[in-house]
Amino acid sequence: MAATLVRLLLVSLLAATAASAATNSTRTQHHRRPPYNVHLLRHRTGAAGRHIPFINCLSWRLGVETNNIRDWHMVPRLCQGYVGHYMLGRQYHNDCAAVAAAALRYLAGLRHVNKDGKDVWVFDIDETALSNLPYYARADVGFGAKAYNETKFEEWVKEAKAPAMPETLRLYRRVLSMGIKVVFISATKEELRPARVLNLHQSGFRIWESLILRERNETGGAVVEYKTRKRTELVKKGYRIVGNIGDQWSDLVGENVGFRTFKMPDPMYYVA
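In this note's numbering, the protein residues as written are 139 to 410.
One should not assume that every hint holds.
For lysine to aspartate or glutamate, the following EDC-like pairs were computed, each having C-alpha atoms within a straight-line distance of at most 20 angstroms [as the list claims (entries may be wrong)]:
1) K375 x E363
2) K327 x E288
3) K290 x E329
4) K401 x D278
5) K290 x D254
Simulated from the structure, these hints should not be mistaken for laboratory data.
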């Protein structure tokens, strides 16, 4: 009888130990389970707790586009591949198209255009009207992950080979068709005007009210101050800025930015 009782106690102890181990294992697995695994098909977004290459770079780009990350000088080296794939892929094209579509909807909603010739739309040039992607895709530039070289970039500008941004060209043509005049405001040096004019003409931008470039005595200050000053000069001349599009926040902040602003995507460089 005593032996039977001992056996029963031993079996009970082993069963309790096994149950405890199973419970601990379940708790451990539950603890390791990612908290936001909302759908198995979302594993590539990081929801399944896996390490996804470039996910931090995507967040960095979001910070850049929302103007939360400022005063940066180069694309983080680890994000060079991500930025390159973005710029060369369909997503960049889709993002540009979305911005242009919003601008076109805004244009369609304008009740009337004044007949006095004073309604203008301000366009930036680099990464807005013209794309410097052939330059930035070069190995020695690395989509902005290499230090900016002013001499190299100006040599590229002088070649006048930057293609048009097709979405912006469509917007530009619509603006003109509505009787709104076009004003280009760029931080490009005045001495590069011949190359810029040639490049714009060859790319389909052939008509404008004014092409404003930086004079020699204007190259030292911040671009945001320069562009604010030029827009203010337009307003003082009686122009009404009905729209403003650029790839940098320095194109779109400050005084007299216009009735509506539209930002084109650009994670390759920052201009203050």
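Next on the checklist: K290 and E329 were given as a pair; does the straight-line alpha-carbon distance stay at or below 20 angstroms?
Outcome noted: Measuring from Cα to Cα gives roughly 15 angstroms; hence the hint holds.
Checklist entry - Would the pair K327 and E288 pass a check requiring their Cα atoms to be no farther apart than 20 angstroms? => result 11 angstroms, holds
Checklist entry - Regarding the pair K401 and D278, is the alpha-carbon distance no greater than 20 angstroms? => result 27 angstroms, violated
Checklist entry - Taking 20 angstroms as the top limit, are the C-alpha atoms of K290 and D254 close enough? => result 43 angstroms, violated
Checklist entry - Within 20 angstroms, alpha carbon to alpha carbon, are K375 and E363? => result Within the cut-off at roughly 19 angstroms; holds.
When the structure is compared with the earlier hints, violations turn up for hints 4, 5 and for no others.
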